[in-house]
Amino acid sequence: MFTGIIQAIGHIASREARGGDARLVIDAGALDLADVALGDSIAVAGVCLTVIAHEGARWSADVSVETLRLTTLGTLAVGDAVNLEKALR
0 MFTGIIQAIG HIASREARGG DARLVIDAGA LDLADVALGD SIAVAGVCLT VIAHEGARWS
60 ADVSVETLRL TTLGTLAVGD AVNLEKALR
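Per numbering that gives the first Met the number 0, residue 0 is the first one in the sequence shown, and the count goes up by one each step.
Think of the hints as simulated: they come from the structure by calculation, not from any bench. The beta carbon of each residue, even a glycine, is placed where N, CA and C say it ideally should be. Just to be clear, a hint being listed does not mean it is correct.
Computed spacing ranges between beta-carbons, pair by pair [said to hold, decoys possible]: (1) 39 / 70: 15 to 21 Å; (2) 19 / 87: 16 to 22 Å; (3) 69 / 33: 28 to 34 Å; (4) 68 / 33: 22 to 28 Å; (5) 7 / 51: 29 to 35 Å; (6) 74 / 36: 27 to 33 Å; (7) 33 / 64: 28 to 34 Å; (8) 68 / 88: 27 to 33 Å; (9) 77 / 0: 26 to 32 Å; (10) 31 / 64: 30 to 36 Å.
Using the sequences plus the hints, can you model the full thing?
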């Protein structure tokens, strides 16, 4: 569950095409990732994504072609700023 309250502004660090899908690496900016585990959810520009890897201040998520097509994530490029929010516990 998310509150809709932005916790930090991050940036797209990389975007790798995987067929029609994409893997996004997100620089979390000021978002504290100390309590984030694999499988946790983080909202990126209002879209819930699942953490598949994280190291330091960066984390990765796979995004399906359908999600890319139906949300603003499909238009994001490296360097773009995104709103971030961790899910409630």
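Report the numbers of all earlier hints that the structure fails to satisfy, in ascending order. Per hint list: 2, 4 and 5 violated.
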